[in-house]
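2 protein chains.
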Amino acid sequence: MSLFADPLQAFFAPRGVVVVGASTDPTKLGYGVARNLLEGGFPGAVHLVNPKGGRLLGRPLHPTVEAAPDPVDLAVILIPAPAVPPVLEACGRRGIRAAIVASGGFRETGRQGTELEAACVEIARRHGMRLMGPNCIGLVDTHLPLDTTFLPPPGPPAGQVAFITHSGALAAAVIDWARGQGFGFSRLVSLGNQADVNETDILPVVAADAHTRAIAMYLESVGAGRRFVETGRTVARQKPMVALKVGRTEAGQQAAASHTGALAGQERAFEAAFRRAGVLRAEKVQQMFQWAEALARLPLPRGNRVLILTNAGGPGVTAADAIAAEGLRLARLTAQTRQLLREILPPAASLHNPVDMLASASPEQYAQALRLGLDDPGVDMVMVILPPPPMFSAGAVARAMIPLIQTADKPVVVVPMGDPLIAEAVAHLRAAGVPEYRFPEDAASALGALHRRARWLATAEQPPLQPAGKNAAAAARRMLDADTTPAGAWLPPKTVRALLTAYGIPTPQEAVAHSAPEAAAAAEAMGFPVALKVVSPDIAHKSDAGGVTLGLESAGAVAAAYDEMMARLQAAFPQARLAGALVQQMAPEGQEVIVGAVRDPLFGPLVMFGSGGVEVEGLGDVAFALAPLTAADREHLLESTWAGRKLAGFRNLPPADRPAVEEVLARLAQLAADFPALAEIEINPLRVLPEGRGALALDVRARLG
Amino acid sequence: MSLFADPLQAFFAPRGVVVVGASTDPTKLGYGVARNLLEGGFPGAVHLVNPKGGRLLGRPLHPTVEAAPDPVDLAVILIPAPAVPPVLEACGRRGIRAAIVASGGFRETGRQGTELEAACVEIARRHGMRLMGPNCIGLVDTHLPLDTTFLPPPGPPAGQVAFITHSGALAAAVIDWARGQGFGFSRLVSLGNQADVNETDILPVVAADAHTRAIAMYLESVGAGRRFVETGRTVARQKPMVALKVGRTEAGQQAAASHTGALAGQERAFEAAFRRAGVLRAEKVQQMFQWAEALARLPLPRGNRVLILTNAGGPGVTAADAIAAEGLRLARLTAQTRQLLREILPPAASLHNPVDMLASASPEQYAQALRLGLDDPGVDMVMVILPPPPMFSAGAVARAMIPLIQTADKPVVVVPMGDPLIAEAVAHLRAAGVPEYRFPEDAASALGALHRRARWLATAEQPPLQPAGKNAAAAARRMLDADTTPAGAWLPPKTVRALLTAYGIPTPQEAVAHSAPEAAAAAEAMGFPVALKVVSPDIAHKSDAGGVTLGLESAGAVAAAYDEMMARLQAAFPQARLAGALVQQMAPEGQEVIVGAVRDPLFGPLVMFGSGGVEVEGLGDVAFALAPLTAADREHLLESTWAGRKLAGFRNLPPADRPAVEEVLARLAQLAADFPALAEIEINPLRVLPEGRGALALDVRARLG
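Here the protein sequences line up with chains A and B, keeping their order.
Going by numbering that gives the first Met the number 0, the letters in the first sequence line up with residues 0 to 704, in that order.
Going by numbering that gives the first Met the number 0, the letters in the second sequence line up with residues 0 to 704, in that order.
A hint or two may mislead.
Because identical chains cannot be distinguished in the list, a pair is counted as satisfied if it fits within a single copy or across any two copies.
To be verified - Simulated pairs of lysine to any residue, SDA-like, Cα-Cα distance not exceeding 25 Å:
1. Lys283 x Glu325
2. Lys409 x Leu7
3. Lys27 x Pro362
4. Lys493 x Leu143
5. Lys51 x Glu88
6. Lys27 x Ala348
7. Lys283 x Gly181
Quick caveat, the hints were computed from the structure, so don't treat them as lab data.
Chain A with its partners taken away, still in its complex shape (with noise of 0.2 Å):
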């Protein structure tokens, strides 16, 4: 029997390993699979497969799974894809419950491997095994050792990023580039077809790992959407995630009914769900590791302010250009600071942030300014520029650095600018940990990096909004039953309008009146202005007949009007039934925004804030966010849109009242995500009136899926 609670955890801890199709043919997988676990170091037990029997690396071939002596927790099996199921039946059969299976020949060639990959899981269900595969160069764990992957040596350096990949080509890839940049790996795992194990469940295995300080992830897509976001959530409470998503280009996406779901779609779904998941999003496989590198080896920064030192006007420019592209801010030097430098640096030295040390800067002048930049309470973060300095070595210059990086408690990244002269100071920083670039640029990156992930963890805690309580949810289902509306047809206007008024997202109010009391009373209660309406079966153009009085301000304006309307219609009409008056908020003056929900079919409901009217897909000045929304969430949709900026005003445009777009934006979050039926619904415009009036939705409409 296996020793673990979950089999998943079997794949980095097993006791024993079996390599089913080990060959004795050094040109072939099999051997590679053979030699990685035999000579990596791995310190179970290995026992290799294959009936024609023999040896290979001084150990036996043993003719089946069943014949491999005990203890075996984990198969590896690289043999034609027909040849799969009954050994993963033998394996079963022995209480194994992990395997990699890297063989090729299945969904990807076609129907036929599409059912021998069917049967292979149907196996593995049988016998509570999970599968890893096919079709993947497997996983390498550098500290155990384990490397059940079939790649030339040397096999990926030791390190601190854990890789989970969809791509074992870009593994490859990787793992050889890596060597040259300093880079290393804890873990690394490669899932192929995803059969059975994808990266949602291998992703707390991979974090539970006590050597793995970040993760980073290429992905092409993700399995359950919900349960990646729940699970990433998770992990990210406690170890830093970048993610490379490709795949982009989403052809033959559909016409969508509304303008959310016309702007929604694969990519704007997975941003939301990176950002709710506290996955930091890379848009190059180099910046994907740049980052995963500074996460696991940085502290986090406290705040956005960056100190670039620098040798140099040039290097120090493009920092500071490179540092606003991040959305970080040059860090404002102390009066004392700036004393302090001057003592210590040469008369024509730059004080002010770009600090300018002079091509003279030497070692000590470098790690002098370091150690005040670091105890300058208006520095968080510290980016220093290395270009070779004309007078001293700059490794010289790393060296003196080291020592302060490593023991401050704010993120401090090096930019050795160059190459052979700069080839010492790189052997140093990366022996002592320390993140470096080759220009500017990247450093901000990681550095950008860095300040999200710390940004994320301050609203890690943070449960999702549910300001219009319980209740509502069974008053609008209650609502939807009642409804014969066709699904994919529009919901009829009432219906909508109940749905939001149960969630508590105001709508311009109105009321039926039989006297002028009565109007006024409902007036009241509504606020002003309100319009009066003629109720009247028999009067069809009310505004042509004088049925219509529009922007009554006050109580005894709507009493008055209404009395004049009776009389005059009455005159006018003596035929016609008078039913008494439609009183009608007027929505008065305001902002207009969007707000919208859409249902993705990878992450479920997805919600959308920004510039409404006509022209909201040419502008696309929207953003979206998963439903229901946490405080981040409605933050973002607010902060990163112009139509969230201005409820602050702008110009001569008035403030609006920015918390009651809060509320609506958390209450139809709640609504989307209460009814996974409800396929579209929007807000367009919602109105929204100056500050302390609320907002009004004066044009909706919805429909389930």
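Starting from the known structure of chain A, arrange chain B on it as the hints suggest.
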């Protein structure tokens, strides 16, 4: 006397060089200059000057410049700042027409240094001498060769890219870095304080070099904006240019009076200037050189369609994303190409772009697929992805492809992914002059630069648009001369209207009529609908008095309204003098955009186009171009904004008269270019009518600087 028609030419082709401040102390920079000149292979004469006398590197140290023998066309001066002016004087007297002052201690150190620098310039001017620096590291020509810098050997590797830089430290770092990247330089110029020679002066000299096939520039600003643009535009017709412009942070930008002014700024102006000049703007140091190398080495593509060849899916998807992010497209292979690929690749290979040849892809398969791709008429460029092939050496793959790449008339870039496993491939590719990158993102970025270069060249000969002719300026000049508005204040609406009229930009027409037939004729001439407004010195509130009639749609309606209005007013106000009625064109419904122009302090008149209305500043859907516009600039304004794109119609928004907008843009730009005194002019909104019906400037304001 100098050999050179233009003394600037002497910098790169001196028959002899004199080094003033040559030092026998190897730790001094003055030693470095002498060493690099003498040991760097410079074929001309090198004379060393040091008042102490003696010998250095086998050469005599002459006591003065005068004492050095002929020929001397270039002086390199590296002595303390206060001693520089008399040496320059001596150089001038001797007929030396080109001097590099490498010494620091000038403007960068304060007032005294600034005065010293001015004295140097005065001396140089007096002698017709050009001065490079001070505070620079000099120049290098790797092919002559000539190296006037003090940088430690080895000097920069020879290549085809020239580098002009405002930062000497960056030059030093980049020279060191380039070696490891396989990059080389043809010429390198560090300009220092630019007391005399600036980037615009030296650009044509550098570009004239036969070894230079592309030019990279690190710029902190430019000297004279328009001269840079004109010079750049001339150079760019022959050789590609890439610039990294730093110093984006614009602290203290003053609040501008118009939206155009508020949205303009140094960065917008630089972008517009680079676009006109044909300079590709890079965002990062590394990107600048990667683009420059690709531009120097590869043919330009005929279109934007890229074929991706890969041996694995993941890297192929990553490449496809990167291609899309660059605005390039995946090529669609012809059925014939797909058929031929099918014959050479395994059945499971993917024959749709990205073409995945699978992990088994051999050197022959790579080469054959590349040949088929290059032959396909639907392919403009090729990116070959090369993760370490499991069964073959990456080097063999590279070797198989190189002859095809070298003879192709389409650009091919290669992405060997890894480090040791692809080192041989990289070495072969570099030796063959084939651009190679570690990751698809950088390769896509280089292809994007090639494509933009090709597009720019296609419009390089476009003259500025002058649709209003030359008489417009004369008419406008008379108007502005007659105007007495103080500088900085808004011009009276009547003057602004007249200005627009002079330039043929339509504003709503109006005319005073004194009879019903006159009113009808005027309306007929300007088009319907029109408004009729009484003209009377005695009626203040025309609307309240019944003196305004809107929306008249025919000549008959206008005549009737005229008579009726006069009769009514005569009856109501028997004492009022009725001087007739103003017939005003009413703008029909249409799209609204903003068109404006401001005067940039560096680049002069700059035109803006975008989404108008009150929120133009917040949404920032605007683009800028230098005035007067070329057809390509105008296209850019319309295509890079949503305001421009939606003129074609969008959803239920009908198409608008785009040619009318084009006309207004060109005319307003001409106006702005004709009147440098115009600080700002802004049409907001320009109402764009349905197709064929024109555009009307509904609200315009302008002020002189």
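**Request:** Please name the hints from earlier in the document that this structure breaks, with their numbers sorted from lowest to highest.
**Result:** 2 and 4
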